[in-house]
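Chains as they are written, first to last, in our numbering: chain E, 1 to 495; chain W, 1001 to 1107.
These are computed hints drawn from the structure, not numbers from a lab. Given the structure is predicted, the values throughout are model-derived calculations rather than measurements. There may be inaccurate statements among the hints.
Stated by the list, open to error - Straight-line C-alpha distance at most 27 Å; calculated BS3-like pairs for lysine-lysine:
1. W:Lys1085 x W:Lys1066
2. E:Lys133 x W:Lys1061
3. E:Lys15 x E:Lys130
4. E:Lys96 x W:Lys1066
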Amino acid sequence: MPRDRPKVVRTSIAKTPTGIQGLDEVTGGGLPKGRVSLVCGNAGCGKTLLAMEFLVHGALRYGEPGVCMNFEETEQKLTANVASLGFDLRELSKRKMLLIDSVAIERNQIAEAGEYNLEGLFIRLAHAVKTIKAKRVVLDSVQALFAGIGDSAILRSELQRLFRWLEDHKLTAIVTGEAGVHTLTRHGLEEYIADCVIALDHRVTEQISTRRLRIVKYRGTFHGTDEYPFLIDDDGISVVPITSLVLTHKALRDRVSSGIPALDEMMEGKGFFRGSSVLVTGTAGTGKSSLAANFTSAACARGELCLYFTFEESPSQILRNMRSVGLNLERWVKKRLLHFNAMRPTSTGLEGHLATIHKLIGTLRPSIVVIDPITNLVSASGNYDVKSMLVRLVDFLKVQQITSMFTNLTFAGDPQERTAAAVSSLMDTWIVLRDSKPNGRPRRELYVLKSRGMAHSREARELIVSKSGLELGIVLKDHTLASTVEVPGTAATAR
Amino acid sequence: MKKISAKKRQPRTSRSDFFILRLYIAGQTPNSVTAIANLKRICEDKLKGKYRIEVVDLLEKPQLAKGDQIIAIPTLVRRLPPPVKKIIGNLSKTESVIVGLDLQPAR
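With the hints as constraints, model all of the structure from the sequences given.
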């Protein structure tokens, strides 16, 4: 007998899509239709841009004209600012899809003598809305009024009346507000907005900035409380949803050679699974980059396109260094099979790197991607950020069926090894490299710590790097690897 | 409403002590009516023969709100003599109006 279930009232709220990549995904369709949403955050966090994109996409994609009442910048400045992102406000204005009314507030010129209200603002807005039959409205940012209007009690009640007016006229609106010290906005605007509040944040940690977006409240809609990193690049804002990516990628059965026959031999003689992710960790100078270069070179030899992200060395440095271990990568660059992308880890925050990586993969559509090393990204941000970024990146690569290799520099006995462990759970294959000096003779050791879905060798081998390339030597009985690297969950089987 | 003719930036009869005052209202609300009455009274008292008042009702001409950057209603704009000055409110605080318009005390 079916048990009585409590009735779930599903109120489906009508939504107005923002057209901003990712934002409609995390809000379940956009902003509440015919309601006022508050977007708040510090100066320079992207409030104005988000609001303007809402209007531009509204006009271009959804055929909804929009009015921007702008309290902070002149029309020319605003037009110039968003022009850098490819939005032509003038053209939209000409087509009557957009109307910008810049409200200048000159504090020193205004004296107060008796009772007043803000009917002038209402009349201007109503006039603008009527002129182009607007469906969307942006007020950016109303707190500027607090500087010009001395009586904040009047202002507050008038703002409340204004928000009600917007809703009475079924306008979907974004109101922006500067972040306050103890409150979301400096003047507590969030108290007047019941339906949707979005907070933007632009944090700088160790000189590197990361932008984040959080849905503080959204009445009637289930929303994640996560902070979603977002990027501002040439195409405007894109929010990178963490949880919207579901694990539905198809696991491929094809195999991809590692470029070293003996290493393939350790993995059922066939190498990695296509579309899987490979982590290569090791202390300095153990041959991580060489391993990655071998992998790419083999792929290029098969005629596959490779994309190599380097965060440490310049492409020419890599080409030179790989020549010394018998690898001629230049020919693949010339044949346009191998593409390098060199970025300083500190040049931008994780969001910027993620954006670049996504974009390049989108345009080049490679079958192999190497990220060398991810360690430098760890230094670019906190541990959590790297992990969440890598989750998204690895998922993205898997969905695209791209085989990826990540190298990670570790320091013996250092907490960095724990970092490796943190990201390793995302990886299908983990190859550990390490230096050792048994009997005074230095050598490199290689060990396949895990490789999902295959019966891989559990033996440690010597990695021989010479002028003629990479080779694996004898099976090492006295290796130090398995005992020093602990993997949560897999440690028991690794031993 | 009253004539709106002060489009010319520099009237030929430009005298530094001639006042052109424009009052923005929105319909015949109590504040608007009070503001008009207060303004007339103050001008008669302080600027007799040296002023012109233009009343703009934004309900009739909403497009004019943008030009003088009107937010509050009523707003009084001193268009002449320069510089432009603005006073918001129903002008019931006579002293504030006199100070705001920079009027010379009557002799």
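A quick look at each hint next to the structure:
no., hint, verdict
1, W:Lys1085 x W:Lys1066, "16 Å, holds"
2, E:Lys133 x W:Lys1061, "18 Å, holds"
3, E:Lys15 x E:Lys130, "22 Å, holds"
4, E:Lys96 x W:Lys1066, "18 Å, holds"
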